[in-house]
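Student: Chain order of the listed sequences is A and B. In this text, residue positions in the first sequence follow numbering that gives the first Met the number 0: the first is 0, and each later residue adds one. In this text, residue positions in the second sequence follow numbering that gives the first Met the number 0: the first is 0, and each later residue adds one.
Since the hints were derived computationally from the structure, they do not count as laboratory data. Glycine residues also receive a C-beta, built at the ideal position from the N, C-alpha and C atoms. Be careful, since some hints might not be right.
Examples of chain A residues toward chain B, derived with CB under 8 Å [claimed, not checked]:
no., residue
1, 70
2, 107
3, 175
4, 207
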Amino acid sequence: MDRFSEYLARDVGVAKALAWSGMALVVSLVITQGFLMGFIPPPSPALSAEELAQIFIDRKIGIRIGTLIQCICYSFWGTWAISIVVCMRRMERGIPVLTYASIANAGGAWVFFLLMPITWAMIAFRPETMDPKFIQIMNDYVWFIFILSWPPFAFFMIFIAVAIFRDHNVPTIYPRWVAFFNLWCAVLISPAALIEFVKTGPFAYDGLISFWFIYIVFFGWIMVMSVCTLRALTRAAERVKAETAGNAGGVLRPAT
Amino acid sequence: MSEEAAAISSAAPSVAPSETRHVPGEGGIWVLIGGDLVLFSVLFIVFLTMRAEQLPLFEQGRAQLNQGWGLVNTLLMLSSSWFVATAIRAARLQLAGVVARCFGAALACGAGFVVVKFFEYGEKISAGLTLTTNDFFMLYFIYTGIHLIHVTIGMGVLTFLVSYSRSGGFTGDKMRNLESGASFWHLVDLLWIVLFALLYLLGGA
Chain A
0 MDRFSEYLAR DVGVAKALAW SGMALVVSLV ITQGFLMGFI PPPSPALSAE
50 ELAQIFIDRK IGIRIGTLIQ CICYSFWGTW AISIVVCMRR MERGIPVLTY
100 ASIANAGGAW VFFLLMPITW AMIAFRPETM DPKFIQIMND YVWFIFILSW
150 PPFAFFMIFI AVAIFRDHNV PTIYPRWVAF FNLWCAVLIS PAALIEFVKT
200 GPFAYDGLIS FWFIYIVFFG WIMVMSVCTL RALTRAAERV KAETAGNAGG
250 VLRPAT
Chain B
0 MSEEAAAISS AAPSVAPSET RHVPGEGGIW VLIGGDLVLF SVLFIVFLTM
50 RAEQLPLFEQ GRAQLNQGWG LVNTLLMLSS SWFVATAIRA ARLQLAGVVA
100 RCFGAALACG AGFVVVKFFE YGEKISAGLT LTTNDFFMLY FIYTGIHLIH
150 VTIGMGVLTF LVSYSRSGGF TGDKMRNLES GASFWHLVDL LWIVLFALLY
200 LLGGA
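For reference, chain A alone in the conformation it holds in the complex (with noise of 0.2 Å):
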């Protein structure tokens, strides 16, 4: 192995980290959100600021340790969406247009993960002697955040389609099938919108519609793209090993 294959490896082996990052972001949220602070799924938006107050006490000790670890690890959507940015990168010619637009959004959506875990945490800080009405519209603000902020990542979808659209690698870095999925993604999370009107039924925060399937779907995709961008990161060390070995000239290599 010479030096650029080294070098390639390496890089590889980081990438790969990040993408397996996805993953421990989803399990978090299944480990916190779920066991530790019940929210799975949300409390009704129909309940009264008493009944919700009320829950906030019961349950604090279990939310301020989930927000801690949520903290953490949903700060790895950065982290996650960078390794499908830097394949994205291998995709482009002349102007990386696409991945200069993603970095760009997968930095501005990291704030709406990492504002959810703090309001909670607030919340969970002094809930006895709170007004019931502020941990509502506080607790509305974190679903609020959480589902209404749909827009940039459905971008983001779009984006990685687009660029896989226009792949011009030979076969092409992701399958084309990923470039329908994310499509077919950002389409599905758009009835996310609707939470805006609407405080029972289906597409309130805590309905089939706005919260499981929009939740189903949207960490479902996270857990897709790891996948992908793993195999494809694999394909692309291979592939590279393969031109350098049979390249033993050391012609058509960067300097090292």
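Please arrange chain B on chain A, whose structure you already have, making use of the hints.
Tutor: What follows is chain B alone, placed relative to chain A:
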């Protein structure tokens, strides 16, 4: 034009030889179409479940819809699908002009659909029937709204196909892309047919 039309209809039973069964478009588009059908299946089950729980309210809601508008839109959707299917047949015969015109006609049907929906929504809202009126109208506005987003995306695809098909040369990848776009438009049509039946027609206990 009549010669072209005759050529198209004679090419109609364009079934591929039995061993190599032809799947329209590229494989990936079926991920999108299958996935979308999953979403709409969930939506349809939600509708039927809620309808069973509040039958009188849903019956009353259906009676307040304008079946006429619904029928016009169904005819527009069916015509647009016919134009798209004809465009694909014409593409197999390399008739670039016919292909572009047929996609254009399908696009016009799509635009007509949006205009009719605009008037229909206006009629409902001015009668005081909105998203928050009751569960029937919540589902009516949300489902037709989600479908309208599909129509808009589909019209974007058709607009692209009109200019894409002008240059002719329908082989290989180009034919595959035409079929992918056409398949998506057929999905938009199919979803409307089911929505029309569920919202406007489904009656009785």
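Student: For each hint, tell me whether it holds in the structure or not.
Tutor: Here's how the hints hold up against the structure:
Interface hint status for residue 70 of chain A: violated, as the beta-carbon distance to the closest one in chain B is roughly 33 Å, over 8 Å. For residue 107 of chain A, the suggested interface contact is broken, since its CB lies about 24 Å from the closest CB of chain B, more than 8 Å. Because the closest C-beta pair between residue 175 of chain A and chain B is about 5 Å apart, less than 8 Å, the hint holds. Interface restraint check for residue 207 of chain A: the shortest CB-CB distance to chain B comes to about 6 Å, inside 8 Å, so the restraint holds.
In the structure shown, a violation is registered for the earlier hints numbered 1, 2, in ascending order.
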